[in-house]
Amino acid sequence: MAALDASSALFYFGHGAANALTSNGESLIDELDLKRLSGPVVAVACYAAQGLGQLATANSSSVTAFLGFDDEVGIPLKVPYPMGWAIVSGLRCLLTKSHDIGCAGHELRGAFDTARIDYKGNGAKYGMSPSDARTAWLFAKSNRFSVQIYGDYSVKL
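Here the sequence shown stands for residues 2 to 158, where the numbers follow the working numbering.
Do not take every clue at face value.
[Claimed, not checked] List of simulated lysine to aspartate or glutamate pairs, DMTMM-like, C-alpha gap at most 20 Å:
(1) Lys142 <-> Asp71
(2) Lys98 <-> Asp153
(3) Lys142 <-> Asp114
(4) Lys157 <-> Asp101
(5) Lys126 <-> Asp114
(6) Lys79 <-> Asp133
Bear in mind the hints are in silico, worked out from the structure with no lab data behind them.
Quantities reported herein were computed from a predicted structural model and do not represent experimental measurements.
Sequences are here, hints too, so could you generate the full structure?
The following block contains the structure:
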């Protein structure tokens with residue numbers, strides 16, 4: 002984990018819990034690791050913002066901001082593209098346009114709204130049953146409201 006000590010930002014796409022970023026049920030980054038991090042943290046992982054996000058900016062002066070989700074990140078397995086695109090397009094301003102983490106949070110929320118409308122209007126075109134389409138747009142709606150930012154909204158990479 003020496004790479005954490007030299008990092009200027011952490012981007013994580015995977016699984017999470019309220020108190021850790023995880024893989025195969027094992028903690029990869031937890032409260033003890035937070036002091037080793039610096040700069041912004043972006044965690045596309047279930048529940049990561051619920052506890053870890055708050056702790057990251059409260060207990061570590063070197064973590065400047067934490068963008069994550071405080072609930073499950075719902076992605077329909079049969080038709081994941083609109084949701085995946087929402088995540089990519091939402092983070093684009095932070096990664097490619099030198100915008101701040103507050104912008105990325107705003108863009109993520111908007112992109113999940115777009116995915117919700119897409120699933121609602123085009124579910125049948127994607128081969129989804131009405132029930133699957135409804136579940137997908139409810140995932141998008143939940144994802145939109147699960148986006149949380151802690152710390153300094155004006156942080157850039």
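Item checked: Pair hint outcome, Lys98 versus Asp153 [Cα-Cα no greater than 20 Å] -> Cα-Cα ~18 Å, so holds.
Notebook entry, point to check: Can the restraint linking Lys142 and Asp114 be considered satisfied, given a maximum Cα separation of 20 Å?
Noted result: holds, 7 Å
Note to self: Need the status of pair Lys142, Asp71: alpha-carbon distance at most 20 Å?
What the structure shows: holds, 13 Å
Check: Taking only the CA atoms, is the gap from Lys79 to Asp133 under or equal to 20 Å?
Finding: Since the Cα atoms of Lys79 and Asp133 sit roughly 9 Å apart, the hinted pair holds (cutoff 20 Å).
Check: Does Lys126 pair with Asp114 here, judged by a C-alpha cut-off of 20 Å?
Finding: At roughly 19 Å apart (the allowed maximum being 20 Å), Asp114 and Lys126 satisfy the hint.
Note to self: Against the 20 Å threshold, does the CA-CA distance of Lys157 and Asp101 hold or violate the hint?
What the structure shows: holds, 4 Å
In the structure shown, no violation is registered for any of the earlier numbered hints.
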